[in-house]
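**Student:** Taking the hints into account, I'd like the entire structure generated from these sequences.
Read left to right, the sequence shown gives residues 1 to 272 (full-length UniProt numbering).
FYI, nobody ran anything at the bench for these hints, they're computed from the structure. Take the hints with a grain of salt, since some may be wrong.
To be verified - Using 20 Å as the maximum straight-line C-alpha spacing, the simulated SDA-like pairs for lysine to any residue come out as follows:
1) K92 - R210
2) K217 - S143
3) K220 - S115
4) K92 - V166
5) K120 - D168
6) K220 - E230
7) K192 - S115
8) K169 - E179
9) K169 - A227
10) K92 - P208
11) K108 - Q122
12) K92 - P133
13) K171 - V152
Claimed, not checked - With beta-carbon atoms standing in for the labels, derived distance ranges:
14) S115 - L209: 42 to 50 Å
15) G141 - A196: 13 to 21 Å
16) K127 - Y97: 18 to 26 Å
17) D182 - L209: 38 to 46 Å
18) E156 - D182: 15 to 23 Å
19) E237 - K108: 20 to 28 Å
20) A125 - K176: 24 to 32 Å
21) D184 - Y97: 22 to 30 Å
22) L215 - K254: 53 to 61 Å
Please read all numbers here as calculations on a predicted model, not as lab measurements. Ideal Cβ placement from N, Cα and C applies to all residues, glycine included.
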Amino acid sequence: MVIVEGKGEQELNNTGIGKAWNLCKMPFWQQGSSSQRQNQSQSSSQSQSHHYHHNHQEGTSGTDSSGINSVSAVARALLPTKRRLKLDPESKLYFPYEPGKQVSSAIKILNISRSNVAFKFQTTAPKSCFMRPPSGILTPGESLIATVFKFVEPPEQPDKQPEKKVKDKFKIVSLKVKEGVDYDIELFEEHKELVAVEQILRVVYLDPLRPTPELEKLKKQLAEAEAALEARKKPPEEPAPRVVGEGLVIDEWKERRERYLAQQQGEGADSV
Numbered sequence: 001m002v003i004v005e006g007k008g009e010q011e012l013n014n015t016g017i018g019k020a021w022n023l024c025k026m027p028f029w030q031q032g033s034s035s036q037r038q039n040q041s042q043s044s045s046q047s048q049s050h051h052y053h054h055n056h057q058e059g060t061s062g063t064d065s066s067g068i069n070s071v072s073a074v075a076r077a078l079l080p081t082k083r084r085l086k087l088d089p090e091s092k093l094y095f096p097y098e099p100g101k102q103v104s105s106a107i108k109i110l111n112i113s114r115s116n117v118a119f120k121f122q123t124t125a126p127k128s129c130f131m132r133p134p135s136g137i138l139t140p141g142e143s144l145i146a147t148v149f150k151f152v153e154p155p156e157q158p159d160k161q162p163e164k165k166v167k168d169k170f171k172i173v174s175l176k177v178k179e180g181v182d183y184d185i186e187l188f189e190e191h192k193e194l195v196a197v198e199q200i201l202r203v204v205y206l207d208p209l210r211p212t213p214e215l216e217k218l219k220k221q222l223a224e225a226e227a228a229l230e231a232r233k234k235p236p237e238e239p240a241p242r243v244v245g246e247g248l249v250i251d252e253w254k255e256r257r258e259r260y261l262a263q264q265q266g267e268g269a270d271s272v
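**Tutor:** Structure representation (structure tokens):
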């Protein structure tokens, strides 16, 4: 016992007894405060860590969503617009080269979509070119042959060959419309964000004296367009007389007259 008490403080600390004594020397309230401070420190660290991770996730998700949106917008811009109309010829307008004259071309327009489509012609030379019809609405599967008229400027030198590259161009734009909507001149302006460019058509001159497949096809399309125009000009046919039974034709005017005469005869008999 005396030997133990005679040990120095350093020696006591190096033994298990010293360590136990140091623990026993600590008051109870100090132990609670220390553990409480330790718990608070751990809670604060956990809270800060959770706050950091939450903010980091929010920032990452916000960045990811904005990045995805921007990538989607770029992808939509790069994707080709789905065609609503099929054109024949597809990208060219063939005209016979006759300087100083008004010449004609033709193009077939077919609605290949599942909805009604409005179309419209545009040109870089509105003073020397016009289209018939210039616009319209096609139902699904409906088609027409449009005629394009153009004045061919005579060359400065009569013997000069026509230029292969013509500055005049045409463009066909389309707009998806609901069933029952009638065409209006303001239709494309009101919905310009939904308008799609179907095709830019380049002008190509043909030698009218040299037979080619393009020239023969052009003549055929122009004849079909002219026939369709004449058919539209004809007045609608009157409905056929109503037929009852086997070949009995009812003349409404004659029927009304007979009823009137019968009524007059009946009134005369009553008066007598």
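**Student:** Evaluate each hint against the coordinates.
**Tutor:** Each hint tested on the structure:
A hinted pair counts as satisfied when its Cα atoms are at most 20 Å apart, and K92 with R210 qualifies at roughly 19 Å. A hinted pair counts as satisfied when its Cα atoms are at most 20 Å apart, and K217 with S143 qualifies at roughly 17 Å. For the suggested pair K220 and S115, the alpha carbons sit about 29 Å apart, so the restraint of at most 20 Å is broken. Between the alpha carbons of K92 and V166 the distance comes to roughly 12 Å, so the proposed pair stays at or under 20 Å and holds.
At most 20 Å may separate the alpha-carbon atoms for a hinted pair to count; K120 and D168 meet this at roughly 17 Å. Pair hint K220 plus E230 holds up; C-alpha atoms about 16 Å apart against a cutoff of 20 Å. Distance hint between K192 and S115 is fulfilled; the C-alpha atoms sit about 18 Å from each other, no more than 20 Å. Of the pairs offered as hints, the one joining K169 and E179 is violated, with about 31 Å between alpha carbons and a cut-off of 20 Å exceeded.
Note on K169 and A227: the hinted pairing is violated, with a Cα-Cα distance of about 27 Å set against a maximum of 20 Å. At roughly 17 Å between alpha-carbon atoms, K92 and P208 fall within 20 Å of each other, so this suggested pair holds. Among the hinted pairs, K108 with Q122 is consistent with the structure: their alpha-carbon atoms are about 16 Å apart, no more than 20 Å. At most 20 Å may separate the alpha-carbon atoms for a hinted pair to count; K92 and P133 meet this at roughly 18 Å.
For the hint pairing K171 with V152, the CA-to-CA distance comes to about 19 Å; that is within 20 Å, so the pair holds. Against the hinted window of 42 to 50 Å, the Cβ-Cβ separation of S115 and L209 comes to about 45 Å, which satisfies the hint. With their beta carbons about 19 Å apart, G141 and A196 fall inside the hinted range of 13 to 21 Å. Judged by the Cβ atoms, the range 18 to 26 Å given for K127 and Y97 holds: they are separated by roughly 20 Å.
A hinted range of 38 to 46 Å holds for the C-beta pair D182 and L209, which are about 45 Å apart. Checked against the hint of 15 to 23 Å, the C-beta distance between E156 and D182 comes to roughly 47 Å, which is inconsistent with it. A beta carbon spacing of about 27 Å between E237 and K108 agrees with the range 20 to 28 Å that was offered as a hint. The hint said 24 to 32 Å for the Cβ distance between A125 and K176, and at roughly 28 Å that hint holds.
For the pair D184 and Y97, the supplied restraint of 22 to 30 Å is violated, since their beta-carbon distance comes to about 37 Å. Range check, L215 to K254: Cβ separation about 58 Å, and the 53 to 61 Å hint holds.
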